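Chemist: The chain contents come next:
There are 2 protein chains.
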Amino acid sequence: MSITAPAGFEAAGVAAGLKSTGKPDVAVVVNRGPQKVGAAVFTSNRAKANPIIWSQQAIQDGVVEAIVLNSGGANCFTGSFGFQTTHQTAEKAAELLGVSAGDVLVCSTGLIGTGDEVFRAKVLDGTEKAIAALSVDGADAASDAIMTTDSRPKRYTYADAGGWSIGGMAKGAGMLAPGLATMLVVLTTDAELTAEEADEALRAATRVSFDRLDSDGCMSTNDQVTLMASGASGVRPDLAAFHAGLVIVCTALAEQLQSDAEGASHDIEIVVVGAASEDDAVEVGRSIARNNLFKAAIFGNDPNWGRVLAAIGTTEAQFDPYNVDVSFNGVRVCTAGGPDRPRDEVDLTPRATSILVDLQVGDARARILTNDLTHDYVHENSAYSS
Amino acid sequence: MSITAPAGFEAAGVAAGLKSTGKPDVAVVVNRGPQKVGAAVFTSNRAKANPIIWSQQAIQDGVVEAIVLNSGGANCFTGSFGFQTTHQTAEKAAELLGVSAGDVLVCSTGLIGTGDEVFRAKVLDGTEKAIAALSVDGADAASDAIMTTDSRPKRYTYADAGGWSIGGMAKGAGMLAPGLATMLVVLTTDAELTAEEADEALRAATRVSFDRLDSDGCMSTNDQVTLMASGASGVRPDLAAFHAGLVIVCTALAEQLQSDAEGASHDIEIVVVGAASEDDAVEVGRSIARNNLFKAAIFGNDPNWGRVLAAIGTTEAQFDPYNVDVSFNGVRVCTAGGPDRPRDEVDLTPRATSILVDLQVGDARARILTNDLTHDYVHENSAYSS
Numbered sequence: 001m002s003i004t005a006p007a008g009f010e011a012a013g014v015a016a017g018l019k020s021t022g023k024p025d026v027a028v029v030v031n032r033g034p035q036k037v038g039a040a041v042f043t044s045n046r047a048k049a050n051p052i053i054w055s056q057q058a059i060q061d062g063v064v065e066a067i068v069l070n071s072g073g074a075n076c077f078t079g080s081f082g083f084q085t086t087h088q089t090a091e092k093a094a095e096l097l098g099v100s101a102g103d104v105l106v107c108s109t110g111l112i113g114t115g116d117e118v119f120r121a122k123v124l125d126g127t128e129k130a131i132a133a134l135s136v137d138g139a140d141a142a143s144d145a146i147m148t149t150d151s152r153p154k155r156y157t158y159a160d161a162g163g164w165s166i167g168g169m170a171k172g173a174g175m176l177a178p179g180l181a182t183m184l185v186v187l188t189t190d191a192e193l194t195a196e197e198a199d200e201a202l203r204a205a206t207r208v209s210f211d212r213l214d215s216d217g218c219m220s221t222n223d224q225v226t227l228m229a230s231g232a233s234g235v236r237p238d239l240a241a242f243h244a245g246l247v248i249v250c251t252a253l254a255e256q257l258q259s260d261a262e263g264a265s266h267d268i269e270i271v272v273v274g275a276a277s278e279d280d281a282v283e284v285g286r287s288i289a290r291n292n293l294f295k296a297a298i299f300g301n302d303p304n305w306g307r308v309l310a311a312i313g314t315t316e317a318q319f320d321p322y323n324v325d326v327s328f329n330g331v332r333v334c335t336a337g338g339p340d341r342p343r344d345e346v347d348l349t350p351r352a353t354s355i356l357v358d359l360q361v362g363d364a365r366a367r368i369l370t371n372d373l374t375h376d377y378v379h380e381n382s383a384y385s386s
Numbered sequence: 001m002s003i004t005a006p007a008g009f010e011a012a013g014v015a016a017g018l019k020s021t022g023k024p025d026v027a028v029v030v031n032r033g034p035q036k037v038g039a040a041v042f043t044s045n046r047a048k049a050n051p052i053i054w055s056q057q058a059i060q061d062g063v064v065e066a067i068v069l070n071s072g073g074a075n076c077f078t079g080s081f082g083f084q085t086t087h088q089t090a091e092k093a094a095e096l097l098g099v100s101a102g103d104v105l106v107c108s109t110g111l112i113g114t115g116d117e118v119f120r121a122k123v124l125d126g127t128e129k130a131i132a133a134l135s136v137d138g139a140d141a142a143s144d145a146i147m148t149t150d151s152r153p154k155r156y157t158y159a160d161a162g163g164w165s166i167g168g169m170a171k172g173a174g175m176l177a178p179g180l181a182t183m184l185v186v187l188t189t190d191a192e193l194t195a196e197e198a199d200e201a202l203r204a205a206t207r208v209s210f211d212r213l214d215s216d217g218c219m220s221t222n223d224q225v226t227l228m229a230s231g232a233s234g235v236r237p238d239l240a241a242f243h244a245g246l247v248i249v250c251t252a253l254a255e256q257l258q259s260d261a262e263g264a265s266h267d268i269e270i271v272v273v274g275a276a277s278e279d280d281a282v283e284v285g286r287s288i289a290r291n292n293l294f295k296a297a298i299f300g301n302d303p304n305w306g307r308v309l310a311a312i313g314t315t316e317a318q319f320d321p322y323n324v325d326v327s328f329n330g331v332r333v334c335t336a337g338g339p340d341r342p343r344d345e346v347d348l349t350p351r352a353t354s355i356l357v358d359l360q361v362g363d364a365r366a367r368i369l370t371n372d373l374t375h376d377y378v379h380e381n382s383a384y385s386s
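Line by line, the protein sequences are chains Y and X.
Taking the numbering used here, the leading residue of the first sequence gets 1, the next gets one more, and so forth.
Taking the numbering used here, the leading residue of the second sequence gets 1, the next gets one more, and so forth.
Read the hints as simulated data drawn from the structure, not as lab findings.
Values in this document were obtained by computation on a predicted structure and should not be read as measured data.
Incorrect hints may appear among the rest.
Same chains, same names: a pair is fine if it fits in one copy or spans any two.
Stated by the list, open to error - Below, in silico cross-link-like pairs of lysine to aspartate or glutamate (DMTMM-like), each with a Cα-Cα straight-line distance of 25 angstroms or less:
(1) Lys19 <-> Asp137
(2) Lys19 <-> Asp376
(3) Lys92 <-> Asp376
(4) Lys23 <-> Asp376
(5) Lys122 <-> Asp340
(6) Lys129 <-> Glu91
(7) Lys92 <-> Asp116
(8) Lys122 <-> Glu91
(9) Lys19 <-> Asp340
(10) Lys19 <-> Glu117
Next up, chain Y with everything else stripped away, as it sits in the complex (with noise of 0.2 angstroms):
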């Protein structure tokens, strides 16, 4: 169910042709109410696709009543043809459900630079045929229709004892890196928010959630995660435990993200510890999830910690780099800038990696997910256009 799983939404998946495979490509989701609460962040690139210009705009009153979704085409730098496209597909929308465009959201994903007539004429056709469609039986169609090159569809439902539930959906396997939003993620919810409330509420979730995804260090033009209020369920949440909640939900999509991304062999939670300060602990982690040598250690099944220390050697954050342990899967292998248990003590053979760094200054933390660099991420972006 994930995105219909809360009252009030419904959604649908349908084929228009973008995609050669004939798979779903274009994804409708509608808010049916009776609010229409809506809040979104956005990739911080300055190069926007036309679909994030369009969104950050219809945004700014905090009202939502659909989203339209096509994969087949990231729609940027695609000029202003490529922007009317957008403005026709939300007016479209807007016009088939009678609702107003400006309250209609539109995200795109594919390859930069399409969105010709061709692709205006399917994705206009697709947003017709899926609204059509629109069930609540409609979530799994959606979340496959915006599938790029995932392997399989990212979903979860949180349902809180209160009497209100999230769902969500996710797509995003290459270009999956920080700035905001990473990906295209669709939360929907049955409670009751203010649109403060959940913008709010979205931005607390995603800064320790999408935003400590890094997987390969190269951030979209496209990404966008929108959060849609229904009020269905009646219920004012109590606000801890709604941020909590969604907390949850997109953690558990951003691991599902992580678990899928583009030609990987380990999922890696890089915990930073004894921090001076949480923005310090990110920093460490980010540039060790950035750093191609470590991350083809770790393809390698080698716990090379003097990689892990040339990596935050280059950051500004506080700590001495001769009083710093690291530990591959519990293995304390570098303590005090010096060798500590031996390298084959440390089994890496194992999907998920574990790597423990304590800068031993402070007591701030954070956890940062990313994967390796293998043969496979190279062949997948390199034999394929994205």
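Position chain X against the provided structure of chain Y, taking the given hints into account.
Modeler: Frame of chain Y, contents of chain X only:
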């Protein structure tokens, strides 16, 4: 001849057993004067190897008598024992050469964490053997002895019509990235220079050569570029001519490093023009050079300009993402935020690859050198510790 082409220098390279292959692994370069001027730049990584910590102190007075270099072990994160090894290496060379230990620089390269009793004994033994073998014919052996995963030595000689010359040798195949020096390089000249002149010329030349080489985004713990001036030509050079000559030598060595980068199949120059400042041009070029998706696309012979724009969109440089032109090997595939010439007009099969990015806001420019991301890069950095 390379480093012994300028008058006043002798060199040697010997096998001391640090490399399991039995190949040469300890080099010494000595300045026979009459002047003993030295300047050096070091990695800006906060995780610095013991030879870096030593050499940064030793260079303070601008006097360098000799430099001892070893491959087969980085002597980084090896504790106070490792620092003592570096100190003893300088003492040993100083004693045999009849100079002060404080005027002997030391460089090491190899696996981080390597620097035990066996390492120390071999380095000291190799230093003694190399000093016994010093000669003006030793330049090739010295450049062989500093190789790690390099497939070939890097050497260059420049002779100026003014009666002085510059020689250079370099090593480096992985962990090539900026900050400052990013490899081991020794430069020699018989021009008469003050320590201040040598330092200024070296910083100016490395800024536009080695600092613009960003093969894999990974900054080393051991990198050092050293310039030694003997004054043996008896010629005070025109300083502008000397700066120009040093840039020629440093750029040639940087290009040799690029062309031998681990696993690379393309040597990529990224030329950024039309920038508001040189710093902007460098930032934009580096963001492209560090983008794994772009680098994998080049490996796949894919002129993926979308990934170029997505990379530069993450920078703070001054430009309008929708008014940027991008050319691959002379074919403008993107103009003003949209497609231009068809992708299939671009031939990316040659190893030499040129990307031209026109930001269209000013007159500044910069050239960044990088490589593609290949299966062989992943293989070399996952199958072997380094």
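Chemist: Hint by hint, say whether it matches the structure.
Modeler: Each hint tested on the structure:
1. Taking identical chains as interchangeable, the C-alpha atoms of Lys19 and Asp137 lie at most 25 angstroms apart only when both belong to the same chain, with a minimum of 23 angstroms there against 65 angstroms between chains.
2. Proximity of Lys19 and Asp376 under a CA criterion of 25 angstroms is satisfied intra-copy only: 22 angstroms inside one chain copy versus 32 angstroms between copies.
3. For the homomeric pair Lys92 and Asp376, neither the shortest alpha-carbon distance inside one copy (40 angstroms) nor that between copies (49 angstroms) is at most 25 angstroms.
4. In this assembly of identical chains, the alpha carbons of Lys23 and Asp376 lie at most 25 angstroms apart only when taken from the same copy (23 angstroms versus 34 angstroms across copies).
5. In this assembly of identical chains, the alpha carbons of Lys122 and Asp340 lie at most 25 angstroms apart only when taken from different copies (23 angstroms versus 60 angstroms within one copy).
6. Taking the shortest Cα distances, Lys129 and Glu91 sit within 25 angstroms of each other inside one copy (15 angstroms), while across copies they are farther apart (81 angstroms).
7. In this assembly of identical chains, Lys92 and Asp116 lie within 25 angstroms of each other by CA distance solely inside one copy; the values are 18 angstroms within and 71 angstroms between copies.
8. When the C-alpha separation of Lys122 and Glu91 is checked against a cutoff of 25 angstroms, the pair qualifies only within one copy, where the shortest distance is 15 angstroms, while the shortest distance between copies is 76 angstroms.
9. With identical chains, the CA atoms of Lys19 and Asp340 are at most 25 angstroms apart between copies only, with a shortest distance of 23 angstroms across copies and 52 angstroms within one.
10. Proximity of Lys19 and Glu117 under a CA criterion of 25 angstroms is satisfied intra-copy only: 15 angstroms inside one chain copy versus 62 angstroms between copies.
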